[in-house]
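Engineer: Chain residues, written in single-letter form:
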Amino acid sequence: MKLMAHVDLIVMRKTLVQLVRIGLVVLLFIVLVTGNALSGAAALCVMVPAIYSMSIMAYDEINRWESFRLCLPVEREDVIRGHYASTLIVMLVSFAFAVVIAPLLTWLASLLSGSSFGFDAVGEMVLVCAIGFAISFWIPAVNLPIVAKFGVTQASRYVPLLLACVMAFSFAALGQVLSGDGLPTVLSFLSTQTGVVVAIVAAVVLSAAVYFASMLLALKFYQAREF
Amino acid sequence: MENLISVSHARKSYGGFMLDIDELVVPRGCVVGLVGGNGAGKTTTIKAIMGLIGLDAGEITLFGRRVIKGSPLIDEKRRVGVIFDTCPFPADLEVGEVARMGRAAYPNWDAKVFEDLAGKFGLGLDKVVKELSRGMGMKLQLAFALAHDPDLLILDEPTAGLDPLARAELLDLVRERMSDDRGVLISTHITSDLERIADYVTCINEGRVVFTEDIETVCDRAGVLRCRASELESVLAAGLFEPRGVCVVVGPYGVEALVPDRFALKESFPELACERATVESYMALTLKGDLR
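Heads up: the sequence lines are chains A and B, in that order.
Here the working numbering is used: position 50 in the first sequence is 50, and no number is missing along the way.
Here the working numbering is used: position 15 in the second sequence is 1015, and no number is missing along the way.
A few of these clues could be false.
[Claimed, not checked] Computed spacing ranges between beta-carbons, pair by pair:
1) A/Leu104 with B/Ala1091: 39 to 49 Å
2) A/Leu216 with B/Glu1023: 38 to 48 Å
3) A/Thr192 with B/Ala1091: 44 to 54 Å
4) A/Val25 with B/Asp1056: 47 to 57 Å
5) A/Ile22 with B/Ala1091: 12 to 22 Å
6) B/Gly1161 with A/Val25: 52 to 62 Å
7) A/Ser39 with B/Gly1161: 49 to 59 Å
These aren't lab readings, by the way, just hints derived from the structure by calculation.
C-beta atoms are modelled at their ideal positions from N, C-alpha and C, and glycine is treated no differently.
Take these sequences, add in the hints, and give me the full structure.
Structural biologist: Okay, structure coming up:
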């Protein structure tokens, strides 16, 4: 697994640098428009791992790289575990990067525009990025098993888009539910600082569990795949 | 002596294709060439040997160990170098990064061998894979395959698209490193490559082995006889060859026949022109000819 995660990161080094550059531009744009780095930082946490996980599978199918790699002394399980491990590394680094870079960009934007942008509180920034971190598990968790089974097909390319739509609608629906009268206890708990932290930690733990379950499924699919 | 590769009664059916290899072996110390038309099953055979696809029936062993789809075969794969028909390394990698991957993958990776070969081929470590020509890409694969000193090389169309000099260089390198313990399985459309390096030639057509012969039988003993139909009838009537031992193709101006022993023919029919067969003519006449 370590070998394959290492190989993935070598393969994706240049793509990752490009992704970070694009992410920074997007983040700066969001900061300039909204005057706030929170949503941009969360977007950075989601965008980079999502694109990374899709790209690493796409690379696999170019010039029979996938078949060649299986001729190296590695197990099929190592390839899949390597994809999940390297994606997790990218998630963690994106999270840390967003937490560090967002306040800096906020400050830079205030210098560029001459307006007074306030630094977001670091705690708030960490929590928002943690939400992004939790969400970042989902696209690879859904996409990687599908690609492990079928390869990068035309249909599999639409899965992340579909998932993004489902997530957006789910959040909207959840907002409707929570804004109603139905869950006053939950709402009052979530409105406390402890409640927010607990909810976010629970979201991260749940998302990580889904990610792990997804890996087990992908391992099964990949083991049976023919190249 | 243990074979490096042994394929026995291997069956695999795809949509409209059936691979049905009764026997294919790569003995130690030998270069075995795999020839056949497009879609004959050469690459599928190699995939099966490397465990990339599973068999419906039969058995394949690699260094004596059974290959099952998805089985790790870590120790065996460490002893194998593979070259594909196109450079498989991701396009954005630099040659130095390819070497880093090799170092991570193979415990016996020899960085000096890789760097020497890369230098010999004009592959700077900072060159990017996508900027390499086809020939340079194949040389990169060769350097990668040889840097861990494999006992077995599996080459799938390694010389396709290479210029004659590059082809000769690649084949010489493969031949140079042969020893009694090592072996090579090379699949190719360029049959003259096999005349240069192969000890045995196996022809596959429509998923089946049509013949396996040693290279002397194909390129030295066998001959291509071009003559009139009546002359061929005289040859066949003389009983020089086994019944159904001559492949015959009838053309508009005469017949072309693959005879198993051109020296025997020459002795009995010195007036007939019978030239040495090549792997290409042997294969073409075997596949297209009628047995007489």
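Engineer: Compare the structure with each hint and give your call.
Structural biologist: Quick rundown of the hints versus the structure:
| no. | hint | in the structure |
| --- | --- | --- |
| 1 | A/Leu104 with B/Ala1091: 39 to 49 Å | violated, 33 Å |
| 2 | A/Leu216 with B/Glu1023: 38 to 48 Å | holds, 40 Å |
| 3 | A/Thr192 with B/Ala1091: 44 to 54 Å | holds, 52 Å |
| 4 | A/Val25 with B/Asp1056: 47 to 57 Å | holds, 53 Å |
| 5 | A/Ile22 with B/Ala1091: 12 to 22 Å | holds, 19 Å |
| 6 | B/Gly1161 with A/Val25: 52 to 62 Å | violated, 40 Å |
| 7 | A/Ser39 with B/Gly1161: 49 to 59 Å | holds, 51 Å |
Violated hints, in rising order: 1, 6; the structure is consistent with all others.
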